[in-house]
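S.K.: Sequence:
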Amino acid sequence: MRPHVRRTIAAILLTILPTLPLGGQGERARDAVRVVVLQGVASPASRELIDAFRRRLEQLGRRATMVLVATDGDAGGAATRAAAATPADLVLALGSRATGLAANEFRTTPTIGALLTRESALPSGSTAAKVVLEFPLEVELEWIRKILPQARRIGVLYGTDENTRVVIRARELARNYGLEIIARRVTNPAELPAALAALASGTDAIWGIPDDVVLTPETARAVLLASIRGHVPFVGLSAQWVRAGAIYALDRDYGDLGIQTADLAARLLDGVSARSLDAVRPRKVLYSLNARSADMMRLTVQPALLRGATEVVR
Numbered sequence: 000m001r002p003h004v005r006r007t008i009a010a011i012l013l014t015i016l017p018t019l020p021l022g023g024q025g026e027r028a029r030d031a032v033r034v035v036v037l038q039g040v041a042s043p044a045s046r047e048l049i050d051a052f053r054r055r056l057e058q059l060g061r062r063a064t065m066v067l068v069a070t071d072g073d074a075g076g077a078a079t080r081a082a083a084a085t086p087a088d089l090v091l092a093l094g095s096r097a098t099g100l101a102a103n104e105f106r107t108t109p110t111i112g113a114l115l116t117r118e119s120a121l122p123s124g125s126t127a128a129k130v131v132l133e134f135p136l137e138v139e140l141e142w143i144r145k146i147l148p149q150a151r152r153i154g155v156l157y158g159t160d161e162n163t164r165v166v167i168r169a170r171e172l173a174r175n176y177g178l179e180i181i182a183r184r185v186t187n188p189a190e191l192p193a194a195l196a197a198l199a200s201g202t203d204a205i206w207g208i209p210d211d212v213v214l215t216p217e218t219a220r221a222v223l224l225a226s227i228r229g230h231v232p233f234v235g236l237s238a239q240w241v242r243a244g245a246i247y248a249l250d251r252d253y254g255d256l257g258i259q260t261a262d263l264a265a266r267l268l269d270g271v272s273a274r275s276l277d278a279v280r281p282r283k284v285l286y287s288l289n290a291r292s293a294d295m296m297r298l299t300v301q302p303a304l305l306r307g308a309t310e311v312v313r
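Numbering (numbering that gives the first Met the number 0), first residue to last: 0 to 313.
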């Protein structure tokens, strides 16, 4: 089926679903809520979060009618406007773009912006409650010490102004863990080889932090080659980085994140203002390990850590 046909059908369904009776008498049950889910590209992570979100709401006594709106390819926002044409109790927007669409079309509806890379990813003008993927810096540093206990000088590459503030804060916190942050700013890809060479020769590990200038699909190969050739482990951003050669990466339990999101939703539905709520961050840490990279770099990974990993590359 052609994409534009799918979008047309979705828009028609959105005009029908709200009129379907929820109760035996066609009246809306007092505990029933209509949740519009704005979703970009579907992924296993988003599906897991949505399923756990629905189940948790039911446990909390909220029977949810979930209206899923695919925002990928909805450049003009037509599908989102169609969903906004009928009242909703809550909007769950997955990703920064979807959260931006929610801010434009659901101005008075309580909104949660979820699967945001970090708190600052919230679009300008949005008042949504936030569920972010970024772990606290303390958690990142604790895991560096846990998996790389011999590492002391930790290299960081960054390019954005926002990450300047992250690096400053990481330097302050690192002292509490017996670590020293050695940071190099890269303003364009041409500077990357020299920065990588400097870190590979002067640090015990390189810690990857989300950065749109330095760590991109285009720079991944250069970063990982420098890590392997210099025998300096690279802490990746995701399991994909680990499969490509990073020593390890932290990940989230998206089912648990869905539970946290539903708990946040319950507070909004009870009338709590989103402005008064702190951003929700993952409370469970999953991780993947690359045992092959560890062997090449002559690093010893404790058996308990190998057993606890969600994925081990051998």
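Simulated from the structure, these hints should not be mistaken for lab results.
Cβ atoms here follow ideal geometry from the backbone N, Cα and C, with glycine treated the same way.
Please note that the accuracy of each hint is not assured.
Stated by the list, open to error - Derived CB-CB ranges, DEER-like:
1. Asp71 / Asp277: 40 to 46 angstroms
2. Ser275 / Thr309: 24 to 30 angstroms
3. Arg220 / Pro43: 39 to 45 angstroms
4. Thr126 / Arg228: 46 to 52 angstroms
5. Ser119 / Lys283: 21 to 27 angstroms
6. Glu161 / Ala189: 36 to 42 angstroms
7. Arg144 / Asp71: 38 to 44 angstroms
8. Asp71 / Ser200: 41 to 47 angstroms
9. Arg144 / Pro216: 43 to 49 angstroms
10. Arg220 / Gln149: 24 to 30 angstroms
11. Arg220 / Glu310: 54 to 60 angstroms
S.K.: Work down the list of hints and note, for each, if the structure agrees.
M.R.: Against the structure, the hints:
1. Asp71 / Asp277: 40 to 46 angstroms: Violated, at about 29 angstroms.
2. Ser275 / Thr309: 24 to 30 angstroms: violated, 35 angstroms
3. Arg220 / Pro43: 39 to 45 angstroms: The hinted range 39 to 45 angstroms is violated for Arg220 and Pro43, with Cβ atoms some 25 angstroms apart.
4. Thr126 / Arg228: 46 to 52 angstroms: About 48 angstroms separates the Cβ atoms of Thr126 and Arg228, which means 46 to 52 angstroms holds.
5. Ser119 / Lys283: 21 to 27 angstroms: With a Cβ separation near 23 angstroms, Ser119 and Lys283 satisfy 21 to 27 angstroms, so the hint holds.
6. Glu161 / Ala189: 36 to 42 angstroms: violated, 22 angstroms
7. Arg144 / Asp71: 38 to 44 angstroms: holds, 39 angstroms
8. Asp71 / Ser200: 41 to 47 angstroms: Given range 41 to 47 angstroms: holds, Cβ gap about 43 angstroms.
9. Arg144 / Pro216: 43 to 49 angstroms: violated, 29 angstroms
10. Arg220 / Gln149: 24 to 30 angstroms: holds, 27 angstroms
11. Arg220 / Glu310: 54 to 60 angstroms: violated, 21 angstroms
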